[in-house]
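Visitor: Residues per chain are reported as follows:
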Amino acid sequence: GENVEQHPSTLSVQEGDSAVIKCTYSDSASNYFPWYKQELGKGPQLIIDIRSNVGEKKDQRIAVTLNKTAKHFSLHITETQPEDSAVYFCAANFGNEKLTFGTGTRLTIIP
Amino acid sequence: DSGVTQTPKHLITATGQRVTLRCSPRSGDLSVYWYQQSLDQGLQFLIQYYNGEERAKGNILERFSAQQFPDLHSELNLSSLELGDSALYFCASSVVPQHTDTQYFGPGTRLTVL
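Here the protein sequences line up with chains A and B, keeping their order.
Quick note: the first sequence uses our numbering, first residue 1, plus one each step.
Quick note: the second sequence uses our numbering, first residue 1, plus one each step.
Honestly, the hints are just simulated from the structure, not real lab data.
There's no promise every hint is true.
[Claimed, not checked] Straight-line Cα separation of at most 20 Å, EDC-like style, residue types lysine to aspartate or glutamate; simulated pairs:
(1) A:68 x A:56
(2) A:37 x B:71
(3) A:37 x B:101
(4) A:42 x B:40
(5) A:57 x A:39
(6) A:57 x B:40
(7) A:71 x A:39
(8) A:22 x A:59
(9) A:58 x B:101
(10) A:71 x A:84
(11) A:37 x A:56
(12) A:58 x A:17
(13) A:68 x A:84
(14) B:57 x A:2
(15) A:42 x B:1
(16) A:22 x A:84
(17) A:37 x B:1
(18) B:9 x A:39
Bear in mind the structure is a predicted one, so any value in this text is a computation, not a measurement.
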């Protein structure tokens, strides 16, 4: 079935350190993998996405890597700052337009 | 600000009642998606519309229905409400319904059923 697993569920890192969140998906037909950041009381905000024709994409302190053979993708945040504290969701499509989301990672940046 | 607007922001109602949630997509976006976010189920896709027509259905209950109007705004109707329907309801929009098209989310409507 259509399934996305996300780990860890919670993550605490010291300010300035890096954070890594990993997701695996069940269907090799998936070709679009967005990451969303959700702050308290707000809707999910797209922070980066990757399509299956590339293996890595970077936007300033945020990067995403994709391994289609292993069916997993990861979010990397470097030089973390207090404003990075939020819940992060990975998602994937499965040959259609709807997104299937992971269960979320609550990231806490410790000053 | 994603450009997607949702009203109302909060809704408190009683079991058995019916409510309507409204969504206006980003300017130029033709496709609208509805998602439900609850503590135990996470973010779940409900239904998708494209240019006024239903395009895909997910785990949407029969008590729920939606439509997209000629001006492209969408409404999600929830009826015979139960306590378990309490959740955040998000609308998202994309330009066209392509598999790799970015979906932009609105701020959500928090529904509380008492």
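Visitor: Next step is simple, just say for each hint if it's right about the structure.
Guide: Against the structure, the hints:
1. Between the alpha carbons of residue 68 (chain A) and residue 56 (chain A) the distance comes to roughly 11 Å, so the proposed pair stays at or under 20 Å and holds.
2. As the CA atoms of residue 37 (chain A) and residue 71 (chain B) are separated by approximately 29 Å, the hinted pair breaks the 20 Å bound.
3. Distance check on the hinted pair: residue 37 (chain A) and residue 101 (chain B) sit about 18 Å apart at the alpha-carbon level, within 20 Å; holds.
4. Distance restraint check for residue 42 (chain A) and residue 40 (chain B): the Cα-Cα separation of roughly 18 Å lies within the 20 Å cut-off, and the hinted pair is therefore satisfied.
5. Using a Cα cut-off of 20 Å, the hinted pair residue 57 (chain A) and residue 39 (chain A) is violated, with the two alpha carbons roughly 23 Å apart.
6. For the given pair, residue 57 (chain A) sits about 32 Å from residue 40 (chain B) by alpha-carbon distance, which is inconsistent with the 20 Å threshold.
7. Proposed proximity of residue 71 (chain A) and residue 39 (chain A) is contradicted: the alpha carbons are some 28 Å apart, above 20 Å.
8. Under the criterion of a C-alpha separation no larger than 20 Å, the hint pairing residue 22 (chain A) with residue 59 (chain A) is consistent with the structure, at around 18 Å.
9. Taken as a hint, the residue 58 (chain A) and residue 101 (chain B) pair is honoured in the structure, with Cα atoms around 19 Å apart against an allowance of 20 Å.
10. In summary, the hint linking residue 71 (chain A) to residue 84 (chain A) is not supported, as the alpha carbons are separated by about 26 Å, beyond the 20 Å threshold.
11. For the suggested pair residue 37 (chain A) and residue 56 (chain A), the alpha carbons sit about 19 Å apart, so the restraint of at most 20 Å is met.
12. Taken as a hint, the residue 58 (chain A) and residue 17 (chain A) pair is honoured in the structure, with Cα atoms around 17 Å apart against an allowance of 20 Å.
13. Distance hint between residue 68 (chain A) and residue 84 (chain A) is unfulfilled; the C-alpha atoms sit about 27 Å from each other, more than 20 Å.
14. With a C-alpha separation of about 14 Å, the suggested pair residue 57 (chain B) and residue 2 (chain A) falls inside the 20 Å cut-off, and the hint holds.
15. For the hint pairing residue 42 (chain A) with residue 1 (chain B), the CA-to-CA distance comes to about 10 Å; that is within 20 Å, so the pair holds.
16. Taking the CA atoms of residue 22 (chain A) and residue 84 (chain A), the gap is about 17 Å. The hint holds against a cut of 20 Å.
17. At most 20 Å may separate the alpha-carbon atoms for a hinted pair to count; residue 37 (chain A) and residue 1 (chain B) meet this at roughly 13 Å.
18. Under the criterion of a C-alpha separation no larger than 20 Å, the hint pairing residue 9 (chain B) with residue 39 (chain A) is consistent with the structure, at around 15 Å.
Taken one by one, the earlier hints fail for this structure at numbers 2, 5, 6, 7, 10 and 13, listed in ascending order.
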